[in-house]
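Sequence lines, in order, name chains A and B. In case it helps, my numbering puts the first sequence at residues 1 to 352. In case it helps, my numbering puts the second sequence at residues 1 to 361.
Since the hints were derived computationally from the structure, they do not count as laboratory data. Everything hinted at is true.
DSSO-like mimics (lysine-lysine), calculated; alpha carbons at most 30 Å apart, straight line: (1) B:K158 <-> A:K10; (2) A:K9 <-> B:K158; (3) B:K160 <-> A:K9; (4) B:K160 <-> A:K250; (5) B:K158 <-> A:K250; (6) B:K23 <-> A:K10; (7) A:K324 <-> B:K160; (8) B:K158 <-> A:K324; (9) B:K20 <-> A:K10.
Only part of the chain B face toward chain A is listed, based on derived beta-carbon distances under 8 Å: (10) S140; (11) I143; (12) G153; (13) L174.
Where a beta carbon is used, it is the ideal one built from N, C-alpha and C, also for glycine.
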Amino acid sequence: MVEILPLLKKLISISGLSGHETPIRELIEATWQPLVDELSVSRLGSLHALKRGCGEQPRRSLLVAAHMDAIGLMVTGIVDGFLRITQLGGLDPRVLPGQPVTIHGREDLPGLIVQPPAHLLPPSNQNGPVRLENLLVDTGLPPGEVSQRVRAGDLISFAQPPVEMPNELLVGNYLDNRASVVALTHALDELQSRQVAWDVWAVATTQEEVTLGGAMTSAFQLRPDLAIVIDVTWGSSPDSPSYRTFPIGKGPTLGYGPNIHPGLHQAFKELAERLEIPYKIEVMPRHSGTDAIGIQVTAEGIPTMVLGIPLRYMHTPVEMVSLKDIRRAGRLVAEFAASLSGQTMELLTWKD
Amino acid sequence: MTASKDQTIKTPTIGAAQLKLLKRLCQACAVSGDESEVRKIVLEQVRPHVDEVYTDALGNVLAVKHAQGEARLRVMLAAHMDEVGFMLIHDDQDGFYRFDIVGGIDPRQLPGKLVWIGREHIPGVIGVKPIHLTSDDELSRTIPLENLRIDTGGETTKVKAGDRATFATPFLRLGDCLRAKALDNRLGVATLIELLRLAPGNIELLAAFTVQEEVGLRGAQVAAYRLNPDLAFVLDCTPAYDLPAWDGSENAQYNTRLGGGPAIYLADSRTISDPRLVRFLVETAESAGIPYQIRQPGGGGTDAGAIHRQRAGVPSVSVSVPARYAHTAASIARLADWRQTLALVHAALQRLEPHILSQDR
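Isolated chain B (complex conformation):
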């Protein structure tokens, strides 16, 4: 493969090529523990732009872009490749399979959905019996997972227990709106690929495309050990709960809002962001005129939860693209938020200097 000529372009942009890549990434299936399909795309995309790239023992893709000059900061950038989904756990005969949920998915999101099974994306259906045969009492209750099946229409040769499945959702762009499955976290993956293409020379850039984030930050934990960074930025996708309340009252728990720009984390259930890095991101955004928002402190978590406690500690912060309806068949994000997230992290990396870590916290 020849090195791409657009290595010379050093300003972050989200154009047709980046959208096409995001579409490919979102339509790939990479349920935690089986990230192969996304890993292949990542390897293909980053190889021409980095000095070293390899796949580690758990399946993380680790890529290094060396700094120019000496005594540079070792900066880890992490984005998880995996997504929530399903695993077939039992062959019920006639093409029906019992399944379990991998990661956090509300069982209320399951009935009436198409899924893609395995690496060949064999179609399956999570069906529900007709309304005509459903009692009012049943309607008032959530259908339990053990009553649902994935129906392959009689397919028994290409599908087996142990196969992973995801919601079968085609990528859609409508103006500034992006609608797809797995925007959490293919937006982060696509952003990190772009940052490797545009890597500034002032830092040692250590990229980790991690596995198994959705089931316990497992990839990030070992990636951070191996890369041994001075500090880390985690690129993820965070829920936006910016919907109206049922009674018209103010929605004070929105987490983030679409259109508000990149969401900077202060605290979640696993991490307290390093205040120096938060300050640094905010200053960068303000001086570069990039919109940003503070993610409302609260639950949830990112790979930073594992990274900041690795070895003797890694000062860490997360920056996320906001998206509505994470962990469902389809999420909605805004192109502008993605563009500004890329711009903010890119601008931040360019002005990173070692003294940031000698500042007061």
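The shape of chain A in the complex, shown without the other chains:
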């Protein structure tokens, strides 16, 4: 049995910025190794793990993707020992002043994002939020030492230590999307004791936050018959619109919209009802904002489903997630995988 909380705390404490996922991939590889039959790494760095099915050849296959990359920052220059920065992935610069970070220089180095006093900022930026290009990172070290250890292009990760909250909630950075990696791990764990007819490919994808490049290429290489994407979705909070967000701790969301095959959506809904797993329907009118965008249109097209884990304060260093929702998402995936049979594809015929 893989313990969810310690695993998640470990996973969010390891860096893996988009395009630079090696540290996190190695940790996931070690975690999945005892749970799967084969492991390999794709050309773009995604981790492919095969749990072989027991059905007859040619066996169908299910791909379950969770992206492992994360947003962050990059050094653009050094001025008097202070680092200038740019962003890697989408973030709100208003959360940055005062955040602890790790600078991945010659070796990892702690730093602090700081907002210079008004008189040192351009006249246009002395009031209101300080723009990203005017923020600095301070290591506290003398300028000479900084230039020996850091250079332009070095990556910067958030360094907010995880904090356990009541009601099985965890706060920390990079829960987007390590929460989903843990859900996928939980699914693999649940499948250990199950007979599964299909092959199951667990894939930790790269570069979701920027290009979706990992998911598209892995789907092409593995060419599954069906795909499930697990990603985090917007958790409700007092400052967010209730009609676009989902309560945390009340179950995963089942995506519905053009990225999602309606037959798969229906199958998950029925499954959740049967298992009495609470869920919410997440209507995605245009696209899902997940790896499903890429996977759905890979090769001749792949029927795809999106499962969402509600996450409060997404893309900040204080994201908040419910371990219950992670467990529920993992269980749904496992139960779905175990339910696959020779007839499954018939579910997906268009009922026009």
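For chain A, the structure is supplied; the task is to place chain B on it using the hints.
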């Protein structure tokens, strides 16, 4: 508790023990008006080294180390124990709380931070909705305080309106760099504890660990009345604005610089330092070979603002350890500056004689 043997060590040092104490002090929460957590540490630390110690009506810790011999100067040393922070003001249900700022904190420093609430340090989060749901117009504006909440993840039994909260920042040391919350003014508190351990016998040492500095120098005002000193030194932590200007031009308003040594105040918005004491500190630093810097005269203020106007007047001066990013989640200071501040004040106390007050101003 047994008196510590290291009473015999009389040279000021900042070693592992002092760093450990600073860490404890910084990680304690003592928002103005609720200084209990720091007061406990102070009482525990100073009791073995002083002749008298008590907590006064406002919560100041006052400690006296008597002089050896007669007709000695009564020298007040003050360091405020309190820090800026938050107070929960309304229970919004489901574990969300509205809060207000205690002391001066830029609201731009609040979003996306963890906090510790109350004496049990219950964790809370000041969250922000996802960037995906934020318009460009919203991004161009500071999030107003009334739109922020402290989110306890549903905790409703251990937290209530009226509780104080601080930024939840672990103490970090990297080489000569110290990074922590509340370095303003736990550096002063730690320095004063050390000075009481090393108290020279030539003066009557009147230590005041004050409360409510950040909300109006309230503790210092009554402490100075009660201690009735001849003169006062205030130990604080002052901002260093020694960052580069956006366009590469010279930064002429740095206030102080890290690595420049203790910062001696000439004037701030509430105090004009006594010129005799400024001269005395400068002479002491120069004769002892201790680096020092003059804090650029300007705004800001310390407990000296209240102390120098107490009773018939108390000649006062402030000496601060410089630190960047005061009143934010994390400040950065240098160990060397702290060490030299302790050394300077210690050296100054040792050579203080009553005639200093009969000199020309």
